[in-house]
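> Start from the sequences, fold in the hints, and give me the full structure.
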Amino acid sequence: MRHFLSTLDHSSADLAQLVDLALRFKGGGRGPIRSGPDLRGRVLGLVFFNPSVRTRVSCESAMARLGGTATALSPGRDTWRFEERPGAMMDGDTQEHIAELAPVLAGLCDAVGIRKAEMMSGGNGARGGAAAWDELKRDTFLTAFAERSEVPVINLESNSSHPCQGLADMATLRELCGEPRGQRYVLTWAWHPKALPVATPHSQLLAAADSGMRITLLRPEGYDLAPEVIRAAGERAEAAGGGLEVSSDRELSLQGAKIVCAKSWGRLDAYGQSQEAARPADELRERWIVNEEAMARTADAHFMHCLPIRRNVIATDAVLDSPRSAVVRQATNRLWSAAAILASLLGE
Amino acid sequence: MRHFLSTLDHSSADLAQLVDLALRFKGGGRGPIRSGPDLRGRVLGLVFFNPSVRTRVSCESAMARLGGTATALSPGRDTWRFEERPGAMMDGDTQEHIAELAPVLAGLCDAVGIRKAEMMSGGNGARGGAAAWDELKRDTFLTAFAERSEVPVINLESNSSHPCQGLADMATLRELCGEPRGQRYVLTWAWHPKALPVATPHSQLLAAADSGMRITLLRPEGYDLAPEVIRAAGERAEAAGGGLEVSSDRELSLQGAKIVCAKSWGRLDAYGQSQEAARPADELRERWIVNEEAMARTADAHFMHCLPIRRNVIATDAVLDSPRSAVVRQATNRLWSAAAILASLLGE
Amino acid sequence: MRHFLSTLDHSSADLAQLVDLALRFKGGGRGPIRSGPDLRGRVLGLVFFNPSVRTRVSCESAMARLGGTATALSPGRDTWRFEERPGAMMDGDTQEHIAELAPVLAGLCDAVGIRKAEMMSGGNGARGGAAAWDELKRDTFLTAFAERSEVPVINLESNSSHPCQGLADMATLRELCGEPRGQRYVLTWAWHPKALPVATPHSQLLAAADSGMRITLLRPEGYDLAPEVIRAAGERAEAAGGGLEVSSDRELSLQGAKIVCAKSWGRLDAYGQSQEAARPADELRERWIVNEEAMARTADAHFMHCLPIRRNVIATDAVLDSPRSAVVRQATNRLWSAAAILASLLGE
Chain P
3 MRHFLSTLDH SSADLAQLVD LALRFKGGGR GPIRSGPDLR GRVLGLVFFN
53 PSVRTRVSCE SAMARLGGTA TALSPGRDTW RFEERPGAMM DGDTQEHIAE
103 LAPVLAGLCD AVGIRKAEMM SGGNGARGGA AAWDELKRDT FLTAFAERSE
153 VPVINLESNS SHPCQGLADM ATLRELCGEP RGQRYVLTWA WHPKALPVAT
203 PHSQLLAAAD SGMRITLLRP EGYDLAPEVI RAAGERAEAA GGGLEVSSDR
253 ELSLQGAKIV CAKSWGRLDA YGQSQEAARP ADELRERWIV NEEAMARTAD
303 AHFMHCLPIR RNVIATDAVL DSPRSAVVRQ ATNRLWSAAA ILASLLGE
Chain F
3 MRHFLSTLDH SSADLAQLVD LALRFKGGGR GPIRSGPDLR GRVLGLVFFN
53 PSVRTRVSCE SAMARLGGTA TALSPGRDTW RFEERPGAMM DGDTQEHIAE
103 LAPVLAGLCD AVGIRKAEMM SGGNGARGGA AAWDELKRDT FLTAFAERSE
153 VPVINLESNS SHPCQGLADM ATLRELCGEP RGQRYVLTWA WHPKALPVAT
203 PHSQLLAAAD SGMRITLLRP EGYDLAPEVI RAAGERAEAA GGGLEVSSDR
253 ELSLQGAKIV CAKSWGRLDA YGQSQEAARP ADELRERWIV NEEAMARTAD
303 AHFMHCLPIR RNVIATDAVL DSPRSAVVRQ ATNRLWSAAA ILASLLGE
Chain A
3 MRHFLSTLDH SSADLAQLVD LALRFKGGGR GPIRSGPDLR GRVLGLVFFN
53 PSVRTRVSCE SAMARLGGTA TALSPGRDTW RFEERPGAMM DGDTQEHIAE
103 LAPVLAGLCD AVGIRKAEMM SGGNGARGGA AAWDELKRDT FLTAFAERSE
153 VPVINLESNS SHPCQGLADM ATLRELCGEP RGQRYVLTWA WHPKALPVAT
203 PHSQLLAAAD SGMRITLLRP EGYDLAPEVI RAAGERAEAA GGGLEVSSDR
253 ELSLQGAKIV CAKSWGRLDA YGQSQEAARP ADELRERWIV NEEAMARTAD
303 AHFMHCLPIR RNVIATDAVL DSPRSAVVRQ ATNRLWSAAA ILASLLGE
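Order-wise, the sequence lines are chains P, F and A. Quick note: the first sequence uses the numbering used here, first residue 3, plus one each step. Quick note: the second sequence uses the numbering used here, first residue 3, plus one each step. Quick note: the third sequence uses the numbering used here, first residue 3, plus one each step.
It should be emphasised that the hints constitute simulated quantities derived from the structure, not laboratory data. You may find that some hints are simply not true.
It does not matter which identical chain is meant; a pair holds if it fits inside one copy or across any two.
Below 20 Å or equal to it, Euclidean Cα-Cα: the simulated DMTMM-like pairs (lysine to aspartate or glutamate) are [stated by the list, open to error]:
{"hint": "1", "residue 1": "K196", "residue 2": "D95"}
{"hint": "2", "residue 1": "K196", "residue 2": "D93"}
{"hint": "3", "residue 1": "K139", "residue 2": "E86"}
Structure representation (structure tokens):
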């Protein structure tokens, strides 16, 4: 494994092995991870263009438990702005090109993690809608960085995917289901006061697919995830013993579900707008909240969410405070899956 | 010891043992603390809602010297805003509830330190004056976090107390006085261009009380600390062989003092106002500065202040630069007392 | 070696020994530096008044590879503002005096690194031009801090110098030239959309001087570096077997050069103005860019720049992407020279 940029770059079997490793680490309990490689004197550089709690702390904590060190930079605040366009005439407000930044950070660190998501409205072009998404999904900064880095690069959330979340979800599904293969998993859209990016639901969908689950992607009409991700998830799910269907019928879809994973996201054709402008229609709010009534339709499903979650907007207090809620487990599994990724990338 | 939220949660004897440990660590000199527990692979998460120099660096340095790792988050800058109200409908500007944040950070870290002080004007209510203080003193975020955290929580300064400063002051009093019991300690108010919170003087008063000193709380009329803290300090001081009196007579109070600890704070009935609006009256300025004339009334007292200190406002250069000034000692004792707290909370 | 504030404080021979050490560390490869001192439990405090990528990460990485820990503060953001004027009446917007800050940080850490550069326009006085520079070049904060610190202080870039860059450049010159003594080195000015400080070119000039190179300082009329630095560089270069001349004739100067180091800087008499107001004249832009045509005049010179570099402004893509570009090597040598500095300051 050279980089960890998307779970799509790795086979379901390889990801399952990473999950094995993560759960073995977790079994060792708190404190130093004695069954992993010794990363003393190894340095993980973390570059956060966007805020973070779980991702940063899980990576730092994983590195520390393996004996190593992490350091986090926040570009544009701790540093200047970076340029990624080849051939750019840099007499504007960018001060450093990725052509230098990537090999330099790779020279100073042993691995580099990058979070860079444009939060719907970004991108170099002024184009909106599907064209904006088509541009942003290429994750040009991350990709160019990885190409130029001689050390492993970890995607800490880009426009298109959030593979660390995906791996943690695979570990959580394993814990919750024992054998997730063939069990019913629903990834359900929920309303949110701002339009949110699709990276996380992409990786969550793939996590269930790589686990071989029978997946329903449940969302209102118009809120499809990227077609290529849905296609890949379907193929991987089938190959692993599951399958994927897309539905907007919540009542039907929740029946028999063992896992309900909630997440809000914006419309792909709303990319290029601000998160506020692309706010989902208010009429979807009450219909899509995950409440006790919704959970009652399931086969006593576990409830998942990547966090942070807006209580009583995405899901009710009753759902989040019930014993079937796995959101804290899911978040703390970020630590163990980060450790598995780091051990695989940096261990001998 | 489960958490370290207020020195009031611990007996004077237990605090004295922590001071023993801190001074033993200090005696070992710079570099790794060899007489403490090995905290390799253990992670301290630090959450700073307010700025910090001494508190952050002392905790990080203590953790490093014990072999462990610390990581600091600044909510609202590195992260989003947090919600603490039970049952909140989170469709506003808070994005994560403490009901998730606390167990998640507790799952990623081995201990969590929190600095959250509203700096007079905060609070959820629009109520001012004593009502604002009555609300803020409950430290609802810290308390709710600790209740939901399975790992130790350390108060790095809340609205009501600053126990890390308190413990460091106890260590300093021990060093300066040998046996502080029965010696004269004056906590004197001083003027400051902005109204400051009462958390630190609360913990300083308690530090002298738990040390069994004969305390004078010296302040202008109207600048009382919280009555329940004065009461507790008096009881603890008496139980430990000292006592407490409150006075506004500076000339009399300074006589015979072995320790003069200066600190500015705002009126409790000014809580809910901005720090600027609650600025102490200018006429108090010259009368309450600690200068050579004031120190000359004492029994060659040592001068203490928690830092940062505004020179020539709280105390004059002559006082701060005199050999009787203990402010640097006091601040560096923050390192050793933090190490003692961490060793006690995290050591086997 | 007590502090590392300027390469001028150390002899050329002592600096050469630091370079030896840096390259020996580099020869050991990635991971822990096994041939250095064990800095377990030792803490490096980093204080950044200005943004940083290379300096911060190289110091943190070096410390980690030596077994120690680093922590970075950003004053004015993580903390309040500091006062350095002796006798200041601190009732304004500074909240802590260096008289306390320095010994306190020295008490909490084992070494302190400080980056504080006023970026042309700063300074306490309202005086502009040469008077502003005469004030800023004294680096009063850094100097006062070092005087009051009982632990080593490292200059991470001040108004007058950037010795960590200087030492890394010496290491790079050694690698590129084998024996730099007597070889031709050109430090060439280049145009930049904002006026930049002179600290880095000062230290780069001294790096070539201490390496005994035959130096040309190449700049447009009016863009001289500080006369005392030019004088010192000339003397040290001569003593080490080289020499120094100043020129504005680019065609002539580049002939025979083995090293071309590009850097932009502002006029000394523009200090006290904003970086935008002091922007170099546009007519200098095309004449001073380092392009293939310029490099073709040299003796197949290596190209150096301290980074970050604005591509196609300071130098063209063709120069930066050519095999003769050493800019990434130069930046990653920051790690090894930082490790050498830390090992020398903190090792037994």
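> A separate judgement is required for each hint: does it hold in the structure or not?
Hints and how they fare:
In this homomeric assembly, K196 and D95 come within 20 Å of each other (Cα to Cα) only across copies, at 11 Å, whereas the closest approach inside a single copy is 28 Å. Only between protomers do K196 and D93 lie at most 20 Å apart by alpha-carbon distance; the minimum there is 9 Å, versus 35 Å within a single protomer. Within a single copy, K139 and E86 get their C-alpha atoms as close as 15 Å, which meets the 20 Å cut-off; across copies the closest is 35 Å, which misses it.
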